[in-house]
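Those sequence lines, one after another, are chains A and B. Oh and the first sequence: position 97 is 97 in our numbering, straight run, nothing missing. Remember, our numbering sits 1000 above the position in the second sequence when you count from 1.
The set of hints was computed from the structure by calculation and includes no laboratory data. It is possible that some hints are incorrect.
[Claimed, not checked] With a straight-line Cα cutoff of 27 Å, these simulated DSS-like cross-link-like pairs (lysine-lysine) come out:
1) A:Lys7 with B:Lys1048
2) B:Lys1265 with B:Lys1155
3) B:Lys1180 with B:Lys1032
4) B:Lys1048 with A:Lys50
5) A:Lys266 with A:Lys155
6) B:Lys1180 with B:Lys1007
7) B:Lys1032 with B:Lys1155
8) B:Lys1142 with B:Lys1114
9) A:Lys50 with A:Lys7
10) A:Lys7 with A:Lys155
11) A:Lys48 with B:Lys1007
12) A:Lys48 with B:Lys1155
13) B:Lys1265 with A:Lys48
14) B:Lys1219 with B:Lys1180
These numbers come from a predicted model, not from an experiment.
Number of protein chains: 2
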Amino acid sequence: MTRFEVKILGCGSALPTLAHNPSSQLVDVNEKLFMIDCGEGTQLQLRKYKTRISKLHSIFISHLHGDHVFGLPGLISTLNLIGRTADLTVYAFKEIECLLQPTLDFFCNRISFKVNLIPLQTNELQLIYESHALRVFSFPLKHRAPACGFLFEEKESPRHIIREMIDFYRIPIKQIPGIKAGADFTTEEGKVVENARLTTPGAPPRRYAYCSDTAFFPKMLPCIAGADLLYHEATFAEADALRAHQTYHSTAREAAEIAREAGVKKLLIGHFSSRYTETDALLAEARAVFPNTESAFEGMTLSL
Amino acid sequence: MTRFEVKILGCGSALPTLAHNPSSQLVDVNEKLFMIDCGEGTQLQLRKYKTRISKLHSIFISHLHGDHVFGLPGLISTLNLIGRTADLTVYAFKEIECLLQPTLDFFCNRISFKVNLIPLQTNELQLIYESHALRVFSFPLKHRAPACGFLFEEKESPRHIIREMIDFYRIPIKQIPGIKAGADFTTEEGKVVENARLTTPGAPPRRYAYCSDTAFFPKMLPCIAGADLLYHEATFAEADALRAHQTYHSTAREAAEIAREAGVKKLLIGHFSSRYTETDALLAEARAVFPNTESAFEGMTLSL
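Hey, can you work out the whole structure from these sequences and the hints?
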């Protein structure tokens, strides 16, 4: 099975602490790296975890708060210094252009690659990236600033061919890719063998959903339903629910309710407020509602 | 004697590494903190070294290269989040306004304090800040971009009064501050006692000079002559002298030649290129010319 991993580079919130860096993570799909959010110090985290920075494909910025974007100028400068030539696409709300472009123009003169800024919208679920193996969708969250969640969805993988059928029907090698893709096989005698007799289904497509920052927002449920892994912010404990609601953040319990209602397989909570020196209490509150929950930490890698 | 300390927050160069953060340091003069340069991640370094961020008085930016400024938006955002009310003055080349102001306007709405941007010039030695205890001067360096060094110079400290003289002449307490400041004393009989008989000189004013980034530039010598401590960039080893000259940086040997010619008491080298995993060779090259040299490292504190 191809690689589909999520690596946490930072899971703190607005005030960085010694325990948690500001938001950033990598989604590694078959060694192509997609970054979500890029708080200050993200490029150092990439170094710390020995990431192959040359594999960075594109960056998805959930919303324009400093703890999700202040690492972009430094990261892009470093990519320039190390001689990147491939385009870098940054998906973000359109205001980023007025903020980032002057900085890049001034600090990254003679930049060796092109930075494409693709504006996000807060419409319903929207396809924003597609390759032969993957689709990425954005969908609206509910926060003080316009904010998007992201859904990384693997495409259907090829069907598995049944070896005994190859031998039995003496299927030529050059026809195998077509059969894996769903084609029937016609024997020399003209008999059609249906694909379903020759193959078994491929691995089910894997899906990763990222929801940060957001208040409790059940409207997102159809977008993330059944995901293999949901990262949902859990900035506050239940005791600070009032503060959570005032700032359009979620409590750990609310994150778990979203996970339960969406029927995801696993929940990862993060974006912890700096007021909590450890996150055991948040984890316990989430697990009380949705047992298959983990707390994010810097350097954590989860395979889907 | 009042505190006069330099703390290194980052002494790496353009590419941050796990060994060295980008440029930043604090000059602590009697618990008032002056920051020089503010590379990405500086606010985290402040936390790591348990700095009292509320004591930050002002920031001096030597030049507008990313590794000296990309930490500013995050630091200012954090000062806003923790409710700073005192003005913050940033001394930097004037182009910083077009770069920083839109970022602050967007990300730090309802900012709780005022950020004053004071433009630097590359004229000769220029007084840019003065308090009752300290003067700060800027002076031109030689780099690819306009760049300034900074000289932090203590003012003359009060003279020490000779206790026996207080008793002998029965000097009233209320006259002591004047005598410490240099006044003569007139006895009840009208006899004038010269200050030089009543006092000994105060501690000599201490001076700290910061020179980074710069090529070998002897024109700076009059500005830094006799400083107690000189921080001078030593981006490259002698073997990479050609690269140093192409990029308007200095070798460790060149930094030491500046220290020797300026007659400073101590040299601290820093701004190390990421190509050197350790700096022993750079230190040896500098010490061959100027023995009282140290290598900077993150967390290092030197008292003047």
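So, against the hints stated earlier in the document, which numbers end up violated here? As far as the earlier hints go, 6, 8, 12, 13, 14 are violated by this structure, in ascending order.
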